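Counting in my numbering, the sequence shown runs from 6 upward without gaps.
A portion of the hints provided could be inaccurate.
[Said to hold, decoys possible] Here are the in silico distance ranges between beta carbons for each label pair: (1) Phe100 / Ser53: 20 to 30 Å; (2) Arg120 / Cys22: 21 to 31 Å; (3) Leu20 / Gln90: 42 to 52 Å; (4) Lys98 / Cys22: 35 to 45 Å; (5) Ala34 / Ala95: 23 to 33 Å; (6) Phe26 / Phe71: 18 to 28 Å; (7) Pro108 / Val79: 26 to 36 Å; (8) Phe18 / Gln48: 41 to 51 Å; (9) Val35 / Val84: 25 to 35 Å; (10) Phe26 / Glu70: 54 to 64 Å; (11) Gly63 / Glu96: 41 to 51 Å; (12) Gly40 / Leu7: 43 to 53 Å; (13) Phe100 / Glu70: 47 to 57 Å.
Rather than coming from a laboratory, the hints here were simulated on the basis of the structure. All figures in this text were calculated on a predicted structure; none of them were measured in a lab. A virtual CB, placed ideally from N, CA and C, is assigned to each residue, including glycine.
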Amino acid sequence: MLRAILSFFGSIFSLICMGIFAVALMIGAVFYMYGRDLPDTDQLARYSPPTISRIYSGGGELIDEFARERRLFVPAEEVPDMVKQAFISAEDKNFYSHKGYDPLGIAKAAVDAARGGRLRGAS
């Protein structure tokens, strides 16, 4: 009798361990699949987007600007707080209450994706 009970619980324990291993393997596979397309951190550190070249006269007046794209570099400190709050409210209302990822948001996005619903960000 004791042997049957231990065998039953041993089987359940084995199934749980295999399930945990399978989930960990799937998570690792997802990280590998998405991670291989990401740029190297050194490449990200050297990123410099195209900016505008400006030509000034001897008196300091702007003569002309040349650029393929009209991008102006603005340090994060110079971006108004209202603009920062607008981006945060549009992207992630819980931005300041989690540590970089939102478990509830990830779960909701996974459920939506499994149901075939609209894909959305999760973190």
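Results for each hint:
1. Phe100 / Ser53: 20 to 30 Å: holds (27 Å)
2. Arg120 / Cys22: 21 to 31 Å: Check passed, 29 Å falls within 21 to 31 Å.
3. Leu20 / Gln90: 42 to 52 Å: At roughly 48 Å between Cβ atoms, Gln90 and Leu20 fall inside 42 to 52 Å, so the hint holds.
4. Lys98 / Cys22: 35 to 45 Å: holds (38 Å)
5. Ala34 / Ala95: 23 to 33 Å: For Ala34 and Ala95 the Cβ distance comes to about 32 Å; the hint holds.
6. Phe26 / Phe71: 18 to 28 Å: With Cβ atoms ~58 Å apart, the hint is violated.
7. Pro108 / Val79: 26 to 36 Å: holds (33 Å)
8. Phe18 / Gln48: 41 to 51 Å: holds (46 Å)
9. Val35 / Val84: 25 to 35 Å: holds (33 Å)
10. Phe26 / Glu70: 54 to 64 Å: holds (59 Å)
11. Gly63 / Glu96: 41 to 51 Å: holds (45 Å)
12. Gly40 / Leu7: 43 to 53 Å: With Cβ atoms ~48 Å apart, the hint holds.
13. Phe100 / Glu70: 47 to 57 Å: At 35 Å between Cβs, range violated.
Violation of the numbered hints given earlier is confined to hints 6 and 13; the remaining hints are satisfied by the structure.
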